[in-house]
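2 protein chains.
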Amino acid sequence: MIKKAIVLLSGGLDSTTTLAMAKKKKFEIYAISFDYGQRHKFEIKKAQIIAKKIGVKQHKIIKIDLRQIGGSALTDDINVPERKNGKNSKGIPVTYVPARNTIFLSFALAWAEVLDIQNIFIGVNAIDFSGYPDCRSIFIKAFEKMANLATKMTTEGKKIKIHAPLINLKKSDIIKIGCKLGIDYGITHSCYNPDNSGKSCGKCDSCILRAKGFKEAGIHDPLFER
Amino acid sequence: MIKKAIVLLSGGLDSTTTLAMAKKKKFEIYAISFDYGQRHKFEIKKAQIIAKKIGVKQHKIIKIDLRQIGGSALTDDINVPERKNGKNSKGIPVTYVPARNTIFLSFALAWAEVLDIQNIFIGVNAIDFSGYPDCRSIFIKAFEKMANLATKMTTEGKKIKIHAPLINLKKSDIIKIGCKLGIDYGITHSCYNPDNSGKSCGKCDSCILRAKGFKEAGIHDPLFER
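Each protein sequence line maps, in turn, to chains A and B. FYI, in our numbering the residues of the first sequence are 1 to 226. FYI, in our numbering the residues of the second sequence are 1 to 226.
None of these hints come from the bench; they were simulated from the model. Hints should not be assumed to be uniformly reliable.
One copy or two, it doesn't matter: identical chains are merged, so the pair holds either way.
DSS-like cross-link-like pairs, simulated, lysine-lysine; straight-line CA separation at most 27 Å [unchecked claim]:
no., residue 1, residue 2
1, K212, K26
2, K4, K53
3, K145, K180
4, K199, K57
5, K152, K212
6, K170, K152
7, K141, K159
8, K158, K23
9, K41, K63
Could you build all of it, start to finish, from the sequences and the hints given here?
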């Protein structure tokens with residue numbers, strides 16, 4: 001029997017590694033990406049390239065405009081802050097998007113139900129991260145529990161499993177795993193605030209965390225070779 | 001201090017009663033409705049009329065096209081079944097929309113966070129209902145628990161409360177409560193399969209449950225006086 005999985009794919013380093021890990025585990029992949037009004041919409045193009053390169057059965061891009069809700073530097077007209085001295089500013093930064101992973105996982109859950117799929121992969125990480133609450137293990141577990149009460153399929157005895165294989169890994173370890181799996185990180189995108197050509201700013205939280213990861217892994221980031 | 005609440009408002013009998021109950025409890029209301037590709041889109045117009053009549057601080061209509069996901073007679077080209085002899089067919093009917101309440105509550109949660117609101121009202125009911133899993137108390141409790149781990153505001157010590165005041169009420173009791181609160185049910189809409197003018201079919205699950213409720217309450221449904 002074919003094992004199937006939904007994989008949330010943003011086009012970033014973490015979700016790409018998660019996709020490759022799910023693929024390695026012999027899952028047939030149904031990738032889902034979100035065109036949610038993010039300023040770094042460029043990542044969707046990257047997600048399409050990645051899905052094609054790694055190989056997925058289907059790639060769905062869901063259009064949901066989170067600018068209708070607002071409240072984040074990633075969707076609103078608020079400046080993306082620069083990360084100072086490699087350290088995060090106090091608290092959760094303004095790039096946090098209210099309930100984003102809850103919304104994304106809800107759509108993944110709905111699609112899982114339509115396709116009769118019980119496995120959902122998400123590349124959240126709670127070590128080298130921006131402090132977003134919906135990237136923590138405790139949140140993922142609570143979502144999984146809720147998902148198992150939310151759907152028709154679960155009333156029929158099927159179990160939804162939310163896989164978060166990166167949750168406790170350092171960024172450098174994620175990169176090392178991905179390189180072993182043959183990922184070309186040159187096709188991924190991490191920057192929150194790219195220019196019109198898609199070039200990374202090198203200053204936002206996401207860029208800094210990525211650079212730190214490659215440095216600690218002792219690997220050159222192929223993104224900057226192009 | 002003004003107490004504020006988000007209320008999920010579909011334009012139906014249950015959500016309208018829930019709105020009136022929240023209003024009675026002196027909450028300032030932020031109503032949220034969803035234009036999700038439902039065949040009974042007519043209900044959104046009704047929701048606007050209801051929000052205006054009962055009085056809300058703001059009414060947000062979120063556009064999210066669940067036809068991108070599919071899997072339901074309410075969003076796809078699948079016939080809405082007629083309820084036979086007042087009884088539900090075996091199991092959960094095809095009008096079930098995969099993970100709909102999970103998705104709707106996720107958006108409500110995001111908006112709650114943006115507005116710094118800790119109370120969310122939803123008119124789910126698990127007595128005279130179609131058997132949808134995401135209308136059960138056990139689901140609502142699990143969602144609440146998850147919500148309290150999902151957001152920035154909850155990491156700052158704030159608590160999200162999901163109110164489901166109708167959960168254990170019979171439809172007839174909901175109608176009696178609503179009438180006492182002065183609701184004109186003539187402006188609400190329940191039918192899953194209305195004609196182009198918005199006229200109810202009288203045969204779907206939702207129409208039958210509504211008719212049964214009014215009959216048991218001994219009240220004439222004003223919807224049919226017009």
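A quick look at each hint next to the structure:
1. Proximity of K212 and K26 under a CA criterion of 27 Å is satisfied in neither setting, with 31 Å inside one chain copy and 51 Å between copies.
2. In the homo-oligomer, the alpha carbons of K4 and K53 lie at most 27 Å apart inside one protomer (18 Å), although the nearest pairing across protomers, at 49 Å, exceeds that limit.
3. For the identical chains of this complex, K145 and K180 are neighbours neither inside a copy (33 Å) nor across copies (38 Å), given an alpha-carbon limit of 27 Å.
4. When the C-alpha separation of K199 and K57 is checked against a cutoff of 27 Å, the pair qualifies neither within a copy, at 29 Å, nor between copies, at 42 Å.
5. Taking CA atoms no more than 27 Å apart as the test, K152 paired with K212 passes between copies only; the shortest distance there is 25 Å, against 44 Å inside one copy.
6. Proximity of K170 and K152 under a CA criterion of 27 Å is satisfied inter-copy only: 23 Å between copies versus 37 Å inside one chain copy.
7. In this homomeric assembly, K141 and K159 come within 27 Å of each other (Cα to Cα) both inside a single copy, at 13 Å, and across copies, at 19 Å.
8. Taking CA atoms no more than 27 Å apart as the test, K158 paired with K23 passes inside one copy only; the shortest distance there is 22 Å, against 40 Å between copies.
9. Proximity of K41 to K63 under the C-alpha cut-off of 27 Å is found in both arrangements, the shortest distances being 11 Å within a copy and 19 Å between copies.
Violated hints, listed in ascending order, are 1, 3 and 4; each of the other numbered hints is respected by the structure.
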